[in-house]
Amino acid sequence: MKNGMGKWLFCAVLVAVLAGFAGAASAKEILIGNMQDISGPTSVWGNAVTRGAEIAIEKINAAGGIDGAMLKLVTMDTKANVQEAIKGYNSLVSSGAVAVVGPPVSNIGLALAPIAGKAGVPVVGSFIDPRVTVGEDGKPQAAMFLMQPSSVQYSEIMASYTIDVLGLRKVGVLYDQSNAFAVSLMKPYVEYIKAAGGEIASEQVYTKGDKDFKTQLAKIREAGADCLYFPNYIQEAVLVTNQRKQVGLDIPIIGGLDFAPPFASLVNDPEAADNIYLANNFSEKEPQLKEVWDIYKGKYGENPVNKVFLGYDKILLIREAMKLGGGTSAAQVMAGMPQVKDLQGTTGVLTISPETHQPVGLSMVMYKIEKGAYAELGRYVPEKHKK
Amino acid sequence: MLVQNILNGISLGSVYALIAVGFALIFNVLKFSNFSQGGVMTVTAYAGYVASRYLSEHLDSSLVLFSAVLAAAALSGALIAAAVERLAFRRLRRTKSEPVYYFISSITMGILLENLITIYASSNFYSYPRFFTTSAVPLFGVNVAVTDMMMFALSITALLALLFILYRTKIGLGIRAACFDVNTVQLMGMNPDFLVTMALMISGTLGGVSGVFLGMNYTLYPQLGQMVVKGFVASVLGGLGSIHGAVIGAVLLGVLEIFFISWVGAGWAPVFIFVVMLAFLLVRPRGIAGVIVQEKA
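Respectively, the protein sequence lines represent chains A and B.
Numbering follows UniProt numbering, in which position 122 of the first sequence is assigned residue number 122; successive positions increment by one, without gaps.
Numbering follows UniProt numbering, in which position 93 of the second sequence is assigned residue number 93; successive positions increment by one, without gaps.
FYI, nobody ran anything at the bench for these hints, they're computed from the structure.
Some hints here could point you the wrong way.
Selected chain B positions facing chain A (in silico; Cβ < 7 angstroms) [as the list claims (entries may be wrong)]: (1) Q4; (2) N8; (3) T118; (4) S127; (5) R130; (6) S135; (7) N143; (8) A145; (9) Q223; (10) I258; (11) I261; (12) S262; (13) A266; (14) G267.
Every beta carbon over 12 angstroms from chain B, so not counted as near; a handful from chain A, in silico [unchecked claim]: (15) Q83; (16) G120; (17) G138; (18) R169; (19) K170; (20) A201; (21) L289; (22) E320; (23) S329; (24) A335; (25) Q339; (26) Q344; (27) V360; (28) Y374; (29) L377.
C-beta: ideal position from N, C-alpha, C; glycine also.
Full structure from sequences and hints, please.
Below, the structure written as structure tokens:
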């Protein structure tokens, strides 16, 4: 009886395995990896990128896929942790992914660059630290591609706006010294301010996990700074904004991308969420956003945040690279990526530089938060970038 | 600046104090450090948020709303802690397991609770409604956050309430007796399951209150409860098992943190704090309050 059962069980497993292979072979799927923080401290952004990528894939598949093959997104949770991200990437490579949608986390991008270079599966991310895409030897990291302005471009836009437009010359800086994203946004900003004749009144730091910044903010107040530059993630941005008010530091904040919506609603105090400047990837009024905006709102019942559009555009870039590279293998996607030119995405017109693997010519839209409301100030490009 | 630093340190210490007191209470009864408290704080912070969303439609007064949210979070903290006791600790207690198993079980429960919140709530940011129109008031010539002052006042109130329960009520007498010997307590006709559950529920209530303040001060995110580590450090400094030592240790830790941030910067501050802590524990391993500790898990 036992032997009979065993034989039946063996046959059932064999049939199931063969059926699995047959199914996999007949489905004609192209695997696209997606590495995002789904359950860690930046999971709101990770989930937003994932949703944007899913919307793009659904749209491409609904239009017949790529040469009859359907795109399939396989998501790995990085938990905003470098080790988890490396494990996830290796798993995606062994599963046959031909490209990977990367996370908006520079620390992870830096760790992945050499690994992806060897594995040969390209990562299209929004990690803005330029070291992720350009190595120390000045050559591009073979498999790493950035699809929004680098931190150098971004921080120079913010620095130029601070000193050239707002006329603020005495800057207090507060940043997370353990975070590549924050450090990469701080250094070019400080260099630009100093080169333009400004002064860094006080440079204060904190480390990952810190929640109380009142001591640093009080020091910046004592130094007599006339604005505060704070480039970091949204949770710290909310804390700093509230604590700025609590310590009576009545100066404007010059912020990073994380001050974009839903930041102001999280502060929940219009008097605190006031006098803050930031540059966003796009204006919500721009027409190319509408289709994705409507799909997202219909599907999830809420307004999309900017990372949704970054996720959407990453898939558009991968599809374009497949066309330009002449096929859907990882090598062909990698070959096609630096050839992308004038691709209309939701966040702008994307052209990838073969020299830096970064986009060229992307401008930013300036915003000011006044009493909890976002006021658009128009696109801004520093004179230096126009040359 | 000195006054500002002291007040900031005390306010930060107040956050740690509420956590540390919960640690001390459970260490007294079960002789282990209950790391599930972090998970309880996270869940209660979200429970308080849900309550605030629901109750804000029915209550006009901010103070009444705040009190109701605090009560809802405290109640949910007590219930979750009771569930944790039933699921994670009761069987271990009945089989007279080593303290290290309690420790592992409590960490597992903490991770489980945190992950449940991650699954259900991590796709969006949440922020408590604004309960008070004034966010800071001048005191001794410096600005002090209203939530910080409330946190400090509440820590003191919670400590007094806890001492009242422990030293002026029959349940408190039972809990104190159970701290010495659970078996004798049973022989004397008391129900040890009830007493341990009550201790956990009191600790969960404190966790609920901490959760609301952490949520108000630091916004809501699934890893909110990881501040429990600072509460643990404070309770070690104060002397594991000592309730008033936990409060002193917490305030000391908060003040030290702020002063080191001010003097050597936030990067070096943790290094200095741990050096001071190691040096202190070398000199006085029993902590500030000097409670004799035989088992530290």
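How the hints compare with the structure:
no.	hint	result
1	Q4	holds, 5 angstroms
2	N8	holds, 5 angstroms
3	T118	holds, 4 angstroms
4	S127	holds, 4 angstroms
5	R130	holds, 5 angstroms
6	S135	holds, 6 angstroms
7	N143	holds, 5 angstroms
8	A145	holds, 4 angstroms
9	Q223	holds, 6 angstroms
10	I258	holds, 5 angstroms
11	I261	holds, 5 angstroms
12	S262	holds, 5 angstroms
13	A266	holds, 4 angstroms
14	G267	holds, 5 angstroms
15	Q83	holds, 17 angstroms
16	G120	holds, 32 angstroms
17	G138	holds, 30 angstroms
18	R169	holds, 24 angstroms
19	K170	holds, 19 angstroms
20	A201	holds, 16 angstroms
21	L289	holds, 20 angstroms
22	E320	holds, 29 angstroms
23	S329	holds, 33 angstroms
24	A335	holds, 36 angstroms
25	Q339	holds, 35 angstroms
26	Q344	holds, 29 angstroms
27	V360	holds, 33 angstroms
28	Y374	holds, 16 angstroms
29	L377	holds, 25 angstroms
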